[in-house]
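Undergrad: Listed here are the chains, written in short residue letters.
There are 4 protein chains.
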Amino acid sequence: MNIKEEEEIKREFQLERVILFSDAVFAIIITIMVLEIKLPEGLRHAGSEKIREAFLELIPKLLGYITAFFFVGMFWAKHLKLFSYLKDYTTTLIVYNLVFLFFISLFPFAVSIMTGTLSPSNAIGLMVYFIVIGLSMLSQTLLAGYLVRHAHEICYYPAEIEKNLQWKAQRVNYVSLPILFAYLSACLYYGVKPELY
Amino acid sequence: MNIKEEEEIKREFQLERVILFSDAVFAIIITIMVLEIKLPEGLRHAGSEKIREAFLELIPKLLGYITAFFFVGMFWAKHLKLFSYLKDYTTTLIVYNLVFLFFISLFPFAVSIMTGTLSPSNAIGLMVYFIVIGLSMLSQTLLAGYLVRHAHEICYYPAEIEKNLQWKAQRVNYVSLPILFAYLSACLYYGVKPELY
Amino acid sequence: MNIKEEEEIKREFQLERVILFSDAVFAIIITIMVLEIKLPEGLRHAGSEKIREAFLELIPKLLGYITAFFFVGMFWAKHLKLFSYLKDYTTTLIVYNLVFLFFISLFPFAVSIMTGTLSPSNAIGLMVYFIVIGLSMLSQTLLAGYLVRHAHEICYYPAEIEKNLQWKAQRVNYVSLPILFAYLSACLYYGVKPELY
Amino acid sequence: MNIKEEEEIKREFQLERVILFSDAVFAIIITIMVLEIKLPEGLRHAGSEKIREAFLELIPKLLGYITAFFFVGMFWAKHLKLFSYLKDYTTTLIVYNLVFLFFISLFPFAVSIMTGTLSPSNAIGLMVYFIVIGLSMLSQTLLAGYLVRHAHEICYYPAEIEKNLQWKAQRVNYVSLPILFAYLSACLYYGVKPELY
Numbered sequence: 348m349n350i351k352e353e354e355e356i357k358r359e360f361q362l363e364r365v366i367l368f369s370d371a372v373f374a375i376i377i378t379i380m381v382l383e384i385k386l387p388e389g390l391r392h393a394g395s396e397k398i399r400e401a402f403l404e405l406i407p408k409l410l411g412y413i414t415a416f417f418f419v420g421m422f423w424a425k426h427l428k429l430f431s432y433l434k435d436y437t438t439t440l441i442v443y444n445l446v447f448l449f450f451i452s453l454f455p456f457a458v459s460i461m462t463g464t465l466s467p468s469n470a471i472g473l474m475v476y477f478i479v480i481g482l483s484m485l486s487q488t489l490l491a492g493y494l495v496r497h498a499h500e501i502c503y504y505p506a507e508i509e510k511n512l513q514w515k516a517q518r519v520n521y522v523s524l525p526i527l528f529a530y531l532s533a534c535l536y537y538g539v540k541p542e543l544y
Numbered sequence: 348m349n350i351k352e353e354e355e356i357k358r359e360f361q362l363e364r365v366i367l368f369s370d371a372v373f374a375i376i377i378t379i380m381v382l383e384i385k386l387p388e389g390l391r392h393a394g395s396e397k398i399r400e401a402f403l404e405l406i407p408k409l410l411g412y413i414t415a416f417f418f419v420g421m422f423w424a425k426h427l428k429l430f431s432y433l434k435d436y437t438t439t440l441i442v443y444n445l446v447f448l449f450f451i452s453l454f455p456f457a458v459s460i461m462t463g464t465l466s467p468s469n470a471i472g473l474m475v476y477f478i479v480i481g482l483s484m485l486s487q488t489l490l491a492g493y494l495v496r497h498a499h500e501i502c503y504y505p506a507e508i509e510k511n512l513q514w515k516a517q518r519v520n521y522v523s524l525p526i527l528f529a530y531l532s533a534c535l536y537y538g539v540k541p542e543l544y
Numbered sequence: 348m349n350i351k352e353e354e355e356i357k358r359e360f361q362l363e364r365v366i367l368f369s370d371a372v373f374a375i376i377i378t379i380m381v382l383e384i385k386l387p388e389g390l391r392h393a394g395s396e397k398i399r400e401a402f403l404e405l406i407p408k409l410l411g412y413i414t415a416f417f418f419v420g421m422f423w424a425k426h427l428k429l430f431s432y433l434k435d436y437t438t439t440l441i442v443y444n445l446v447f448l449f450f451i452s453l454f455p456f457a458v459s460i461m462t463g464t465l466s467p468s469n470a471i472g473l474m475v476y477f478i479v480i481g482l483s484m485l486s487q488t489l490l491a492g493y494l495v496r497h498a499h500e501i502c503y504y505p506a507e508i509e510k511n512l513q514w515k516a517q518r519v520n521y522v523s524l525p526i527l528f529a530y531l532s533a534c535l536y537y538g539v540k541p542e543l544y
Numbered sequence: 348m349n350i351k352e353e354e355e356i357k358r359e360f361q362l363e364r365v366i367l368f369s370d371a372v373f374a375i376i377i378t379i380m381v382l383e384i385k386l387p388e389g390l391r392h393a394g395s396e397k398i399r400e401a402f403l404e405l406i407p408k409l410l411g412y413i414t415a416f417f418f419v420g421m422f423w424a425k426h427l428k429l430f431s432y433l434k435d436y437t438t439t440l441i442v443y444n445l446v447f448l449f450f451i452s453l454f455p456f457a458v459s460i461m462t463g464t465l466s467p468s469n470a471i472g473l474m475v476y477f478i479v480i481g482l483s484m485l486s487q488t489l490l491a492g493y494l495v496r497h498a499h500e501i502c503y504y505p506a507e508i509e510k511n512l513q514w515k516a517q518r519v520n521y522v523s524l525p526i527l528f529a530y531l532s533a534c535l536y537y538g539v540k541p542e543l544y
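Chains as they are written, first to last, in the numbering used here: chain U, 348 to 544; chain G, 348 to 544; chain V, 348 to 544; chain C, 348 to 544.
Among these hints, one or two may not hold up.
Same chains, same names: a pair is fine if it fits in one copy or spans any two.
[Claimed, not checked] Dumping the calculated PhoX-like pairs for lysine-lysine here, alpha-carbon to alpha-carbon at most 25 Å: (1) K428 <-> K351; (2) K357 <-> K510; (3) K397 <-> K425; (4) K434 <-> K397; (5) K510 <-> K351; (6) K428 <-> K510; (7) K408 <-> K428; (8) K510 <-> K425; (9) K385 <-> K434; (10) K351 <-> K408; (11) K385 <-> K428.
Because the hints were derived from the structure by calculation, they are not lab data.
For reference, chain U alone in the conformation it holds in the complex (with noise of 0.2 Å):
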């Protein structure tokens, strides 16, 4: 092995160290959300009656759990697809990988937050939960933005990166931010008022 070829994989070993740090955040985020169901304590010699109702009490927090665990699935997928055109890495690349995995990170929050105080009369859970759905989708398009733009230095075949994500990038930022951004000013304003709902 020749120097050139050595450094080259040490190169491409840190990329791995992103990517696999990057994916055991993912990872602990999509399963540690599933500690949030739990039965209260001191069960065990409770009659039957109260067993079900606390199962019933369960549920919403369940499907918050399904939702939230496809949804961190799929933001890990789209991450997976997007690295897998890198060769190479930059400081200003973990920054914007590190900002993204901290909005991924309120995941767990946010469904226990929306778990825990939705009702019909209250949606603010909801609104935080969507808010950071809707900051891990931004942050992800700055990501993918970034690449595009850098992809002459960072990518295999910048070329077909450009082709695949620049649209996409372009349709996140004029389609999806206005709708964003009008959706934060809408929980913003019924956010004050919350007893219109």
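Starting from the known structure of chain U, arrange chains G, V and C on it as the hints suggest.
TA: Then chains G, V and C, alone, in the frame of chain U:
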């Protein structure tokens, strides 16, 4: 290194990401269950008698953890074996894998339900536990079935994988699934009238 | 790349999966213990005196965490050394490894028991902690023993591994195990009559 | 593949294990802190006013999490950079690394202390947080210093690492450490009399 080799290495690394992500989920699931087994707070100044009682209360949790550790370990060992045949992945495979990991991720929930409610007059927690085991097996069988059907595209030695897995996949479909459905029906039937227990 | 090389790489990757899965379990165990060390809720509006008391209550937990962090770290470093000899794995090795990881995974439980119940009149938590350390050592010795016995099939340099590990494995079997059994018997004996303490 | 190449690959994999284990610890630490941020139980049937108050209570926890996420992320990025120089490891390096990871693992504890006790009249939690940051920096400097001192044995391009790290390591030793010690002394001094705040 020529382009074709580089692409092959990249594709292999993508598959490794899918696999190591699954491993991380398995590792988290298999270990966070242990967080359930703990003594109540404030025992430092309690008498020996009270501490002994608190220990006795832990025994079902410990037993539940032991069984779940080895069930999840067994599922992981099968996943290790199954994915050793793969040389490539598809989006559908990722979806099957995520569904499988989703059911595995319900283990901490199922164990905590089981050990928190099990009593001679109440087997609903045990049912939930068996349902989670059943659904994990079912989704693993679906994953194996997908591999067998697409062995020519994504596996090394398609002939071998058919020989090793097809019979098993079919056996599970024709034998285990009817048993599982019978079991689930029985669960639902008795779950509606738990006072029969 | 010819078929034989490809197979070898695949087999090596399978072994890496086993190892990285073990590492993930170690990493989770070593870090989730820190979740135990926290102040009770609702101290924000408490007086300085009460906060200082709450801090003093944390000291045994912090000490317990420090010892456990370095015990688990030491077990991980030995696992790193042990598995550096391997070139292949068997199903039996996976079982031994899972059993070892199971006992390692009891550390958070043992530490929380120890720091939650330790007092001059009650050493039962300390016993549980030492039992978990003892069983982890024992299962690691069994793993090392398995490697020594099957060095010719699954290890690089079988001669070297015998030289480096055999004596250690035997020393442990002939020295530590009798001590462990004596210790366990003593624990059980005094455990039955903790009022002697 | 000849014996020498095989050995080199094996040694590299051992180093990768050390690195990926560290990454897993970082990933767990950076994400489990989010479990702290949750609303109290039983808000589903509470009024909007009470829910809003519970949200306001979360703001310091959320801010604490944000700062800690980016501190741990920054430590991870430095670890990524630092270990990119390595081609081999020693037992001493593993010990330095474990000590560093130990202080990183105190972040969830420190953040929970800070956000749980911070008030205009009580800065003890903030002190604990800064002490943990200081000790993490100190142990990372020790790790960097070890690399610089042993660059000829365990690093690629020893000349480069000296140029890049030595000054930083010394700057930290001669500038940050005195500040840290002054700070710690001040903390202890005021910690003894927190009524001065």
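Undergrad: Please name the hints from earlier in the document that this structure breaks, with their numbers sorted from lowest to highest.
TA: Failing hints, ascending: 3, 4, 7, 9, 10, 11.
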